[in-house]
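Listed in order, the protein sequences are those of chains B and A. Residue numbering for the first sequence follows our numbering, starting at 37 and increasing by one per position. Residue numbering for the second sequence follows our numbering, starting at 4 and increasing by one per position.
Keep in mind that the hints were calculated from the coordinates and are not lab data. Among the hints, erroneous ones may be present.
As the list claims (entries may be wrong) - DSSO-like cross-link-like pairs, simulated, lysine-lysine; straight-line CA separation at most 30 Å:
#, chain 1, residue 1, chain 2, residue 2
1, B, 150, A, 91
2, B, 204, B, 248
3, A, 20, B, 204
4, B, 176, A, 91
5, B, 150, B, 175
6, A, 34, A, 235
7, A, 235, A, 192
8, B, 150, A, 16
9, A, 34, B, 182
10, B, 176, A, 16
11, A, 242, B, 218
12, A, 444, A, 485
13, A, 20, A, 242
14, B, 43, A, 235
Quick caveat: nothing in here was measured; it's all calculated off a predicted structure.
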Amino acid sequence: MSKIRLKFSKMGMGKYISHLDLLRTFTRAIHRAGLPVRYSQGFNPHQLITFSLPLALGVTSETEFVDIDFEEGTSAVEVVEKLNGSLPPDIRILNASEPKCKANDIVSARYIIKMDLCGLVSKARLQEFFNLNEILAVKKTKRGEKEINLRDYITMYDLKELTENTAKFEVILLAGGENNLKPDILVAKLCEFLGSCATESYEIHRTEIFCKDGEKVKNFY
Amino acid sequence: MNCYKSKFEACLKKVQKPARYIGNEFNSVHKDDFSNLVSFAFCFPDVYEVGMSHLGMKILYQMMNEREDTVCERVFAPWVDMEDELRKNGIPLLSLESHLPVADFDIVGFTLQYEMSYSNVLNMLDLAGIPLKSADRGEGTAFVCAGGPCAYNGEPLADIVDFFILGEGEEVNNEILDAYKVWKAQKGKRVEFLEQISRIQGVYVPAFYDVEYNQDSTIKSITPNREGVPAKIKKRIIKELDNTYILDKMIVPFMDIVHDRMTLEIFRGCIRGCRFCQAGYLYRPVREHSTQKLIDAAQKLIDSTGYEEMSLSSLSTSDFTCLHELIDELLKITVDKRINLSLPSLRVDNFSMELMEKVQTVKKSGLTFAPEAGTQRLRDVINKNVLEEDLLRTSRIAFEGGYNRIKLYFMIGLPTETEEDVKGIAELAQKVIDVFYSIPKEIRRGRSVTVTVSTSSFVPKPFTPFQWEPQNRIETLIEKQKLLKDNIKTKSISYNWHQSHVSFLEAVFAKGDRRLSDVLIAAQQKGCRFDGWDEHFEYEKWLEAFKDCGVDPEFYAYRKIDHAEILPWDHIDIGVKKEYLMKEHDRAYEEVTTPSCREKCMGCGAASFGGGVCFEQNQA
Ligand code: SF4
C-alpha cells in the first residue's frame, strides 16, 4: 500500500490559503522534501494528491486530511518529518496513517465559532436563532445559486461561553458531497439575526470530521 | 504587540484574494525583535502578484535579511478593495511579514519599475501616513528612498523621495545600511544622514541640487547647493557578478503570481544597443555569471523552492556566451525532477530549433519574437539587427517543428516612421503566414496558423539615442493603429494594441523634471492609482491634475529637443556618454546600424566601470 493519509492543521493566517493554493503548496513542499511521490499518467502528469474535505477560506482547522500516493515502501514517519520541515509554518502535519474511511462517506464536521459582540446578547436569544424552523440563505453551487434552509444543515448547537463581548459555541454542520454547508454562511445569518449586537469580527475553527459507518457516524481518519 | 492585527484580519474576510496580504510564505524571513535592527520596508508599488514576480526585490530582500543587524520586510500596494477597507477602518499601510505600520520602519524603499506606478508610490505613502513631500518629513520620520530603472531619471519624484539609489543595489544598499547604523548611534540630524550618504557613489539626494529654468521652461542649470556633494552622480554596478550575492533562495508564494517560477539571472546588460531601449544603455556593460556559479545556484534554488519551472533571466538569452553548455548542464539537474526550463528573450538571428527542442520537453506553446519595426529601413534606424530572412527562416523551422502559433511584437510611432513602415508590419505578418502554407501538410502540425501582432506605442526614454525625440501625438498613434488594422487582410492574423493615453503619460513622466512632483501629488489626491491597470486608469483626472498645477504635459512628450539643451537628467552619469548617444542619434537618421559590443567596441563610455564585455578581448 503506497497511499498515505496525512492529518494536518491549518492555523493562523494560513486560513486564507485557498484550496487550489493549498494543493500547490503541498506539491512544492513534497518537491522540496525530495519525497518519492507518484504522478498521474497522461499528457500533463501531476502528483497524486487528494484532499478529503475542502476547508472554507477564512476557517482554521486542526483536522484536515490529505491522501498522497508515494512509491512502495515509503516510510510514514519519514514523510511526516520531512514535510514538516518543508511546509510553511501555518500548516503542520500531525500524523500519518493508512487511509481507513472513504472521503465519499463524510457526512458532517464540527466547528467552534467565536463571535465578537458589541451589545448584550442573552443565551435565550442565541437559542432562539437555533430553534428557528426556517433560516433561509443563498448557497452558491456549481450549477448556480440556490436557496436553502440552514436548519436542515445544523445537526448540533452547544453554547460554550457567553460574555459581554464574545459568544463561543460549537456546531456540527452537514459536510461533504451533496449537502455541504460553509460555516461562514451560518455566521453571516446569525449576525443578521443579532442585528446591531453583532460585529464583523469572528473566528471559525474546524475540530472534527465525521463519516458514516453503516448506520452509525464515526470520526473520520 | 500589534494593535492593528485583529482589525486587519477582519478586513481580509471582505476582500478578493486575501492571500495577497498574509505573508508567511515558505522562505519568507521573520525577525521578532526589531529594537536593535535597522528596519527596511521594501515597497513594490503594485499588487502582490506583480511585485512578487520581480527579481530585484527577491535578491535585495534575501541579501538584506542575511545581515544580522537588519530586517527587511515586503510591502505591496493593496488592491483597491483592500485599500477601501484599510481607509474605512483607519488602518495604515502594513508590512507583509509582521503586519507592522510601514511608517515605523527606518527606511522605506520603493522600486520604480515603470512610470505608471508613480501614483501608487504616492498612494502608498499616503496610506502609510508618511508626508508626501520630503521637505515635510521631520526628525524621526522614516527615510523614503527609491531605486530601479526609473530612478535614473527620478526627477518627477524629486520632491517626494529623500534619496535615490542609482544602479545595482547589492553593494550600495549595504553601504547605506552601514551608514545608517553609524548615524543612528551618533543620534544625528536627518539632514546629516542625507549628507553622509550623498558621498556614497550611486546615492542621489535631489534636495541637494537646485534647478534653474529659462524663460521658455527649459532647464538653465542643475547645481549642487552645498559643499561635498558631487556635481555628477555616477551609477553603481557590480563589476564581477560571480563575486556578489547570487540568489539561491526565493520566497514561494501561496497564490498564483505573474511569474510563478525560479529565476536564474544569467547576465546583466545587453551587447546590442537597440536605440529605443533604455535597459540596453542603463545596464551597460554586459557582465556574465560563470556557468559553474549558475549551476550551483540553480541546484540550490531547486532544493529550496520546489518549483516545477525555471526561467533564465537576462535582456537577451541567446547572447549568453556559453548558452548551450549551460542548458546541457541545467537539463542534467532538472529533467529527472520534472522541472521545465524556459528561455525568454530569444533572438531570431541565432535561434536554433535544437535548443527549443531541448527545453520544451512537454509543452509546445507559442513562440514570441520582437522585430519591433515592419521594414528593414526602420529596423536599421532603431538598430534592431533582425533581418526579414532570419524571421522567416526561424518561422519555417518552428512550423516544421510543430509550432503553429507565433507572436510578433512591434512598436509604432518610432522616429522617421512612414505609412510604408506601418503597412510593413501587416506585410511581414502575412509573409510568416505564407511560410506556414508553403510547408507540406504532412510536415507542419495542424491545418491552420495564428500570428498575433502586438504593437506598443514608442515612448522616448532618457539615456537612449532617442531621448531628444518627440512622441507621436495620441491622434497620430490611433490613426496608425487603424492603418495597420485596415491592412491586415486575413483572419489568421490577430492584432492587439496598447492604449495611447497611457503611453503619453509614460513619456511625460519618463522625460519629466521635478516640476511634475506637484502634479503627482495632485493626481494622488484626485484618486489616481493603479494607472498601469486599464480598469483603474483615469486619464481625465490626470489632465485635471496637470491643469491645476499649470503644467503642460505636451512640453515633455511632444517637443523635439535640441542636442544643446540641458536635460533634467544631465547630472546623472550612467557611464554611457551623452556625446555617444548624440552620435547614435545621428546614425539613426543616416540609417546606419551599430555593431554589438562583441563585434566591435564603439567606445560608449561604459568601459569606465572597469569590467565586463569592454575588457573581454583584452583578457582573451
Ligand atoms: S565601452 Fe564598448 S564594449 Fe563596453 S559597453 Fe560601451 S560599446 Fe560596449
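Taking the hints in turn, this is what the structure says about them:
1. Proximity of residue 150 of chain B to residue 91 of chain A is assessed by CA-CA distance (about 24 Å); at most 30 Å being required, the pair is judged to hold.
2. A hinted pair counts as satisfied when its Cα atoms are at most 30 Å apart, and residue 204 of chain B with residue 248 of chain B qualifies at roughly 27 Å.
3. Simply put, residue 20 of chain A and residue 204 of chain B have alpha-carbon atoms about 27 Å apart, close enough for the 30 Å limit, and the pair holds.
4. The hinted pair formed by residue 176 of chain B and residue 91 of chain A meets the criterion: a straight-line CA distance of about 28 Å does not exceed 30 Å.
5. For the given pair, residue 150 of chain B sits about 22 Å from residue 175 of chain B by alpha-carbon distance, which is consistent with the 30 Å threshold.
6. Restraint check for residue 34 of chain A and residue 235 of chain A: the C-alpha separation of about 38 Å exceeds 30 Å, so the hint is violated.
7. About 25 Å separates the Cα atoms of residue 235 of chain A and residue 192 of chain A, which keeps this hinted pair within 30 Å; it holds.
8. Restraint check for residue 150 of chain B and residue 16 of chain A: satisfied, since their Cα atoms lie roughly 15 Å apart, inside the 30 Å limit.
9. Our distance criterion of 30 Å between C-alpha atoms is broken by residue 34 of chain A and residue 182 of chain B, whose separation comes to about 47 Å.
10. Under the criterion of a C-alpha separation no larger than 30 Å, the hint pairing residue 176 of chain B with residue 16 of chain A is consistent with the structure, at around 17 Å.
11. With a C-alpha separation of about 57 Å, the suggested pair residue 242 of chain A and residue 218 of chain B falls outside the 30 Å cut-off, and the hint is violated.
12. In summary, the hint linking residue 444 of chain A to residue 485 of chain A is not supported, as the alpha carbons are separated by about 34 Å, beyond the 30 Å threshold.
13. A C-alpha spacing of about 41 Å is found between residue 20 of chain A and residue 242 of chain A, which places the hinted pair above 30 Å, so the restraint is violated.
14. Distance restraint check for residue 43 of chain B and residue 235 of chain A: the Cα-Cα separation of roughly 62 Å exceeds the 30 Å cut-off, and the hinted pair is therefore not satisfied.
Going down the numbered hints, you'll see the structure goes against 6, 9, 11, 12, 13, 14, while the others check out.
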